[in-house]
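2 protein chains.
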Amino acid sequence: MKGKEITPKRLDILRRQMEREKLDGFLVSSPQNRYYFSGFTGDYGFLLVTETRNILFLDSRFLEQAKEECRGWEVIQFQRFHQDFSSLLSEIRVRFLGFESQKLSFFDFKELERNSPGVHFVPFPHLLEEIRGIKEPGEILKIREAIRIAEESLGEVLKGGLIGNREEEVSLELEWKMRLKGAQKAGFDLVVASGKRSALPHGVASPKAIGKKEFLLFDWGALKDYYHSDITRTFFTGSPSKKQREVYLTVKEAIEETILQITPGRSILEVFQFALSKIKNSPFKDFAFGHGLGHGVGLEVHEWPFIGPRSEGTFQPGMVFTIEPGIYIPGWGGVRIEEMVMVAKNRVEVLTSFPREISVI
Amino acid sequence: MKGKEITPKRLDILRRQMEREKLDGFLVSSPQNRYYFSGFTGDYGFLLVTETRNILFLDSRFLEQAKEECRGWEVIQFQRFHQDFSSLLSEIRVRFLGFESQKLSFFDFKELERNSPGVHFVPFPHLLEEIRGIKEPGEILKIREAIRIAEESLGEVLKGGLIGNREEEVSLELEWKMRLKGAQKAGFDLVVASGKRSALPHGVASPKAIGKKEFLLFDWGALKDYYHSDITRTFFTGSPSKKQREVYLTVKEAIEETILQITPGRSILEVFQFALSKIKNSPFKDFAFGHGLGHGVGLEVHEWPFIGPRSEGTFQPGMVFTIEPGIYIPGWGGVRIEEMVMVAKNRVEVLTSFPREISVI
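Line order of the protein sequences matches chains F and P.
Residue numbering for the first sequence follows this note's numbering, beginning at 503 and increasing consecutively.
Residue numbering for the second sequence follows this note's numbering, beginning at 503 and increasing consecutively.
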């Protein structure tokens, strides 16, 4: 009964947006948005939402599954997607169709357009992502659960002796622990990056053995009930050098002060600039993170809102996102600390709780 | 030294195609094609191939990684993809740019087009996939290894008592075994479907406990060195009923006779029709597979060529693909058998070797 977890509120919000944009239909094609609105977990399929109808448009492989999962949805089977979808549009007289322009391929767009004379295709690059960016209480519970699983699992992994083990062995053990605790899978390719590799912002676990007196960076998370967690901690595999300690404390101070800057209504861009300036005003200014400061987390591990130099808008109640400043010194090592933060009506809560003090393992 | 495994032959083939199509540049945007031509394993980035240059176009996160992985490639960093890529096109005077039209989003296309006056964007829905569809010997070795890991792992899982265990526990154990044998991960969400659930063509492992005298269908595979395996077997958890046995033997006969039909140069469509007619001429004609008969396997678990009612062309030496007929009786159960097949110059080899006799576990 997965479908029961999909609230009707989501479709109401979409329909209000459609009304405002003068659309009489919306084509939903990306897996996460399809799941968000319908509860359908299959690999392939499309939603057509109109003023009065919820249509799940599928090939034969997924009919039985959809009937189980998607209460309140008409299931219509297609043979050839482009032709049959165009016929459906014509049959139910859709004239202005919104679509996900960052997700639909150029090819699908062209084929649909060619087969649908008289239909206006109206691109929306992130309308559905913005709706999804404001989490419902039920979603936040799932994210909390994904965080709990990830944090407990890393805690257990750290109790073993890690020095001498290969990064990829440690990654496998961490994923295994998360899955035994009920995760569907790891939320993404886990980063276990030791020594110089900690300077790679995306250094997924490699065959390198973890050495002594190194940085050891974990960027890890779980997928639980289709929701993600995404956390980073950097440890020391021996008493840190003066420089290692300084780099670490610079990042720690940056994230702590940055989180205090976040309030409902605060400009996202300003918070990014604040965090970057903290590093730029440190002795490590040449090695400040070149990636964004953070991103929304939910059905996707990286989703709207993105917190970076081109952010617009303000923090809104219901947003759940990461804050993850870092310092990366090529050929030497790096430090990143990543927390997950929720904005509520009158407060800001750090959802992650793994200690961020200097920790020698 | 991952880059060493990327043969220059691939780029030669692409350049010959570009010459034939009168293109002076090709934009590669999908992860698998990016890896295939450059060896780059990062999450995000673009290739621009011209007559004389191999350019990897990346944001700051991946610069170090690319320099390690991609010998023979110029690495150019961008800040804003659409604007900076358009400037690059203008700088090196690309006028006819091929692109992957089934992969590039409508949004990216529009932004590139808007920023690139004078450049003609020429869509190719599956040109790169066709190049990748003809495997090199080194790729076939990796696929064989992905098959070996998957088959050995299932063999070990079946030795344990499975009745009473939940499908998802069995799936986790199978993945764990594959990873201990060196798989990067499971090749896809593994299907472990027992009883009635075996009638779901995509019934990923659920909390259902495996019962007695049921069908138990595994659709499983490994990812090893970025190459996939994809195999299906259906077992019995107790002595099969007459009908269960009949359904099974119908599928078994269909796949065995179908594989004998495959030769280099044989029409792909005809082989599909042959397999379907085998089931349509059985007592289970109303329950024949509605999915394709098979698909290429390589860097993607489902890739070109697709073997179905709209297939064109013929089987070519170097193709590696699945053959997977099935019978699905809703509410009762189903059987699918899936083999991986390679076409060579003068012969056809079934790469998978797991027994397909009736097997009670």
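Careful: at least some of the hints might be erroneous.
Calculated cross-link-like contacts (lysine to aspartate or glutamate; reagent style DMTMM-like; alpha-carbon spacing at most 20 Å) [what the hints assert, rightly or not]:
no., chain 1, residue 1, chain 2, residue 2
1, P, K698, P, E805
2, F, K754, F, E851
3, P, K683, F, E675
4, P, K683, F, E670
5, F, K687, P, D788
It is worth saying that the hints were derived from the structure and are not from the lab.
Verification of the supplied hints:
| no. | hint | in the structure |
| --- | --- | --- |
| 1 | K698/P / E805/P | violated (29 Å) |
| 2 | K754/F / E851/F | holds (17 Å) |
| 3 | K683/P / E675/F | holds (14 Å) |
| 4 | K683/P / E670/F | holds (13 Å) |
| 5 | K687/F / D788/P | violated (37 Å) |
Comparing the model with each numbered hint stated earlier shows that hints 1, 5 do not hold.
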